[in-house]
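S.K.: Sequence:
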Amino acid sequence: MTPQADDSASTQSAATGVRLLDQVISNTLLSDYPSAPAQVRESRPWRLFFSREYASHLWRAMPVVVIVAAILTYSAIAKSHGSLNDSRTKVELANRVDAARSATDALIATNAATAEGNRQLAAELIAQTQDGDSLTRALDRYTGRADASAVTGKGVCFLMNDHRIRWKDTQFQQMVNMMWRSRPAAVAIYSVRLSTRSAIRGAGSSLLVGYAPIARPVRMCAVYPDASGMQRSNRLWPKIRSFASAGDASVTRTIGTVTIPAAAERMLTVRYAVSG
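Position in the sequence shown (first residue = 1) + 6 = our numbering.
Incorrect hints may have been included.
Said to hold, decoys possible - Distance ranges between label pairs, derived from CB positions: (1) Ala268 - Pro223: 22 to 28 angstroms; (2) Ala82 - Ala106: 34 to 40 angstroms; (3) Ser248 - Ala221: 21 to 27 angstroms; (4) Lys245 - Ser155: 29 to 35 angstroms.
Hints listed in this document are in silico derivations from the structure and should not be mistaken for laboratory results.
Ideal placement from N, C-alpha and C gives every residue a C-beta, glycine not left out.
Given these sequences and hints, build the entire structure.
M.R.: Encoded structure:
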């Protein structure tokens with residue numbers, strides 16, 4: 007290459023460099039430089055949390071956040087309180103069930119004890135009934151020997167007259183019991199001889215001694231085996247007179263020889279039922 011050609015190439019290179027510098031000076035920023043921050047922000051979203059716009063939106067949404075947090079907190083507290091109430095209710099129900107079970111067990115034990123006591127009482131009653139039956143048979147034998155024949159001896163008769171017919175059979179029973187306390191050999195109401203098991207019942211204005219009707223006034227007689235019996239009868243007389251006066255009745259006494267007939271044959275015999 008000639009020297010002239012070298013000079014021409016150098017001159018062109020210098021001109022190109024000058025034009026490049028002019029372009030750099032006149033266009034200091036690239037055409038896509040303004041959109042670079044947006045691209046950076048899009049590529050880095052976490053930087054939005056530190057922006058003013060996000061802060062302003064956050065402050066505007068703060069009341070809603072507070073309300074939602076309060077609702078959630080209240081719901082959590084209510085749920086925990088409900089769970090506590092449920093647990094307390096379960097405990098109370100369990101305690102009630104235990105108490106009811108204990109009461110039931112106690113009632114069962116009481117019923118068992120009562121049943122056992124009833125069984126023992128039934129056994130005692132059966133034993134007493136058997137004893138009573140044997141005593142009744144002995145009394146029947148004794149009474150059968152004692153009143154099988156008529157009795158005549160020194161005695162006393164009482165004529166009881168309740169003018170208004172107010173006396174009940176129980177009052178005549180008391181009179182007969184008072185006579186038996188003086189230990190006579192025999193007692194009779196009119197011609198009906200009495201025993202320790204004779205029944206005296208009222209029947210309107212009349213009395214039933216056993217099955218025999220007795221009209222008023224009522225005549226009751228007793229025969230005593232010895233003089234001491236008459237003395238007991240004399241001591242009994244004031245009591246009978248006072249008893250009759252208290253019942254608005256009159257009574258007269260007759261002392262002498264009294265005959266009491268034999269007891270009538272029994273038409274009915276009482277027997278006690280024995281279980282088993």
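S.K.: Compare the structure with the hints numbered earlier in the document and write down the numbers of the violated ones, lowest to highest.
M.R.: none
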